[in-house]
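Asks: The residues making up each chain are set out below.
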Amino acid sequence: MKKSLLAVALLGAFAGAAHAQSSVQIYGNLDLGLVKRTDQSLNIGKRANNTLGFKGVEDLGNGLKAIFQLEMRYEPDTGANETGSNGYQRPLFQGQSRVGLSGDFGTVRVGRGLTAFQESSIAFEPWHGIPSPQGFQADLAVAGYTSDPLSPTGNSANRFSNAVFYNSPEWMGLQLNTTIATKEANGNAAFIGRGTAAAPQYPANTTSQTNPYSISVTYRNGPGALMLAAERNAVESKVASFAGSVYVMPETKLMFSITRQDQEHTRPFNYDTKAWVIGANHQIGNGKILAGVGMKHVDGMEKVKQFSLGYEYALSKRTYLYADFSNKKGAPAIAPSTQTSINHYALGVFHSF
Amino acid sequence: MKKSLLAVALLGAFAGAAHAQSSVQIYGNLDLGLVKRTDQSLNIGKRANNTLGFKGVEDLGNGLKAIFQLEMRYEPDTGANETGSNGYQRPLFQGQSRVGLSGDFGTVRVGRGLTAFQESSIAFEPWHGIPSPQGFQADLAVAGYTSDPLSPTGNSANRFSNAVFYNSPEWMGLQLNTTIATKEANGNAAFIGRGTAAAPQYPANTTSQTNPYSISVTYRNGPGALMLAAERNAVESKVASFAGSVYVMPETKLMFSITRQDQEHTRPFNYDTKAWVIGANHQIGNGKILAGVGMKHVDGMEKVKQFSLGYEYALSKRTYLYADFSNKKGAPAIAPSTQTSINHYALGVFHSF
Amino acid sequence: MKKSLLAVALLGAFAGAAHAQSSVQIYGNLDLGLVKRTDQSLNIGKRANNTLGFKGVEDLGNGLKAIFQLEMRYEPDTGANETGSNGYQRPLFQGQSRVGLSGDFGTVRVGRGLTAFQESSIAFEPWHGIPSPQGFQADLAVAGYTSDPLSPTGNSANRFSNAVFYNSPEWMGLQLNTTIATKEANGNAAFIGRGTAAAPQYPANTTSQTNPYSISVTYRNGPGALMLAAERNAVESKVASFAGSVYVMPETKLMFSITRQDQEHTRPFNYDTKAWVIGANHQIGNGKILAGVGMKHVDGMEKVKQFSLGYEYALSKRTYLYADFSNKKGAPAIAPSTQTSINHYALGVFHSF
Chain A
27 MKKSLLAVAL LGAFAGAAHA QSSVQIYGNL DLGLVKRTDQ SLNIGKRANN
77 TLGFKGVEDL GNGLKAIFQL EMRYEPDTGA NETGSNGYQR PLFQGQSRVG
127 LSGDFGTVRV GRGLTAFQES SIAFEPWHGI PSPQGFQADL AVAGYTSDPL
177 SPTGNSANRF SNAVFYNSPE WMGLQLNTTI ATKEANGNAA FIGRGTAAAP
227 QYPANTTSQT NPYSISVTYR NGPGALMLAA ERNAVESKVA SFAGSVYVMP
277 ETKLMFSITR QDQEHTRPFN YDTKAWVIGA NHQIGNGKIL AGVGMKHVDG
327 MEKVKQFSLG YEYALSKRTY LYADFSNKKG APAIAPSTQT SINHYALGVF
377 HSF
Chain U
27 MKKSLLAVAL LGAFAGAAHA QSSVQIYGNL DLGLVKRTDQ SLNIGKRANN
77 TLGFKGVEDL GNGLKAIFQL EMRYEPDTGA NETGSNGYQR PLFQGQSRVG
127 LSGDFGTVRV GRGLTAFQES SIAFEPWHGI PSPQGFQADL AVAGYTSDPL
177 SPTGNSANRF SNAVFYNSPE WMGLQLNTTI ATKEANGNAA FIGRGTAAAP
227 QYPANTTSQT NPYSISVTYR NGPGALMLAA ERNAVESKVA SFAGSVYVMP
277 ETKLMFSITR QDQEHTRPFN YDTKAWVIGA NHQIGNGKIL AGVGMKHVDG
327 MEKVKQFSLG YEYALSKRTY LYADFSNKKG APAIAPSTQT SINHYALGVF
377 HSF
Chain W
27 MKKSLLAVAL LGAFAGAAHA QSSVQIYGNL DLGLVKRTDQ SLNIGKRANN
77 TLGFKGVEDL GNGLKAIFQL EMRYEPDTGA NETGSNGYQR PLFQGQSRVG
127 LSGDFGTVRV GRGLTAFQES SIAFEPWHGI PSPQGFQADL AVAGYTSDPL
177 SPTGNSANRF SNAVFYNSPE WMGLQLNTTI ATKEANGNAA FIGRGTAAAP
227 QYPANTTSQT NPYSISVTYR NGPGALMLAA ERNAVESKVA SFAGSVYVMP
277 ETKLMFSITR QDQEHTRPFN YDTKAWVIGA NHQIGNGKIL AGVGMKHVDG
327 MEKVKQFSLG YEYALSKRTY LYADFSNKKG APAIAPSTQT SINHYALGVF
377 HSF
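Chains as they are written, first to last, in the numbering used here: chain A, 27 to 379; chain U, 27 to 379; chain W, 27 to 379.
Hints were generated in silico from the structure; no laboratory data involved.
All clues given are correct.
The list treats identical chains as one, so a pair stands whether inside a single copy or across any two.
Simulated crosslink set (EDC-like; lysine to aspartate or glutamate; CA at most 20 angstroms straight-line): (1) LYS62 / GLU210; (2) LYS343 / ASP85; (3) LYS209 / ASP65; (4) LYS91 / GLU338; (5) LYS62 / GLU338; (6) LYS329 / ASP288.
Only chain A is shown next, with the shape it has when bound in the complex (with noise of 0.2 angstroms):
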């Protein structure tokens, strides 16, 4: 009763430095390097995502803890805030914006992030995971599936937004990892679909007719690792992985995937792709091979196939320097390309804080 009225909104504003101190952490990472396109001026350009984050855990006793992420994302090479196609600007919290708990029971987290079936093919890709050209993260590892349709032009291809996540604790080496979205409307351009573009299938900024989910069960046992995982988006496209690896040396990873996608949905033809994706990692020193080939097909297309190969030196834990060479065939390899053989080169350092 010493302190002023005012002073709650003061002591808002200046106390509670002590936790503040010790409960949220920063993180994030600069990638940047020169990347080269065949049917393009030489760059500079990212290979990774560039990330700046704020998480903390809170430990509420009896092992249950309370737990936030929010994961900015940006453009290094002009400052921006990261833009999807386009050039449309990404929401601020791009990386993830959750909130949630974690006990005996697992995690739970709330908001919008990486899908259970995108955050755990990551380990089964020989570029773990990044959306590079050079890895097979953002097509071949997913059969050309979008996670989000129905987000604003430009969105992430692979988080669900107004998400319940729930990670299982691990059992026996298995793991369930789901996500269920709202049907709720998050303004997307109108989705023509089946439809016409005076009554497309999905108007602007609609509700989804079902919820959108997405299932991962993860089994571990030694050097080895499987995943069997299915979603479905707000448009009703399915896909569907198998995925494996397994450590046939402390130093070299090998890992595969296969995956379908259903598009049927939408789509009177073309709607059924196939893709498969065959890697490895193998560690010299401080040097790390990367190596992958893969292929999609979308029925009646023209199969798209990948080969990349690539070399990461590190100078520390945090920092290492990088090349990438890979090569895309197709028609066309990369949209909005015409080409239909593309080669990508990338050489680049990668900092994380």
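Given chain A, put chains U and W in place with the hints provided.
Replies: Leaving out everything else, chains U and W in the frame of chain A:
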């Protein structure tokens, strides 16, 4: 003289670590849960505002302190920067951006933040001032008043930009708080008012004809507190409010507010609005019951009535679960809905850091 | 092998606290005050840029360091992300976004930031390089030159995006600083230049025909310093500058710069601009007097002349109060004003953290 000229810039970049570590505090909160409105599907949304802030205090000696605060606001269900009406993006530091000095004379700050009236009124509102539809702060507690009608579309309704904020020290239980803004233009859309679409009373990006101001006087005596406040915005709407609270028991706080808005300067009719709110907070162990009832009456229009009941269960000082119910009646109860009786349900988690 | 597969993701989320705490430094400043311009009402605005930044240094051993810096910029009077001309939003990390390595060879960084010329010239400008109308940095010190004409509208005038930055070590008082940008397109609006509205010299979102570059050489000897710099931007405007400074007493610094811009590549006439600035800083106790006079002359146009006088009073190493006066003459002195003599007054507080 041992440093190169560019070291000035690099120093700007990499030195200064020592004081930076001690002078900036990161704080904020996430609030997410399931929300259901009579006329909408089950959504994931917020109850309180979501913040990520940076603040600090520098001791200048002789009781003088320099203070600053920067507060982002965001939508954790989509990861986006906070959006206002119709999805318009709000400023990056929507919460506040202020710098100032604090000492024996009180606190003077410059920048953008809650007005004296809006900030003081929080202590007399049973949902601790959060702008959710379960609470009363955004509508009934202020008689539908908007502090900042000449800011960009979607902007805050209870802040002044381009303002000087003064909070006096407390004297015999009395405290004076004032906010005065400049007349400068800030990118508003045209405001028709008593004009026409062709000749709006306030054209786009216009200056105010008078300085917006806000004053509150608060008085505290033992378990009781009172507030008297008045404000005038950039389109010369006026609001006046009288509020009080009393702890009838240490765990039970009762509160009320009476507020009147006069919009005669911009409306030919329906310009007189009266409103009142009565509320209670009652603590039971880790639980807290919130209850409130209120009414808003625009002259010549149907009365709007609201009843709300809530429960917060603290898992810790920083984290609580909540469940809310509210009903709002009137015509229309909540624009753009056309229904005259709307129920709100909310169930979620609040975590501060 | 005790961790579940998803623990990888959760680890990414919640581990790494130890190094995060020690590796990221938050820094920034707020600058706000009352500003008055001859032809405008009294406003609240800034004198210096306002920043909120994140930076870090990682020791890689053998004198090698990994460095990064991310710097937001904002308008504290409205809470908005920094806006450029006509209210266009600038990138989130307008200040800079760079990552690199530092060692015996100097410092190499990649990303976006001030060019070598713009960064070096700050040391020779009497308002320490702040872009306020009281200072000379934004106009006279660079002869009206713009480093980045092919970035999105409203973007920075003194940065390169998509660039490599190199700063040499100092050798016998000499230091070399260079910046080279790629030719890649970055979302510019059409730039008419010597073309027409129908066929602009540089169409929208175009690549540059040559690589923009910037070079500065600085020399230091006791109390004196010199700079020789040259730069060419993406539309092949060229700028060259010679500058010097000397501490005639420990508390008195005198400085000058002579700069010439050649815009012949994009202008049929008025393409040769010459400018000079003379300035002084004088310390008296906690106070500092700033003074400067300068002239800019575009061939065939009226000369622009500026005189400025300022005073800064330090409350601490991190906080000072300031008062500025300046007069600028010419036709028009400051677009879009049509007046040929404009006075600026500023009175405010600067706080760094």
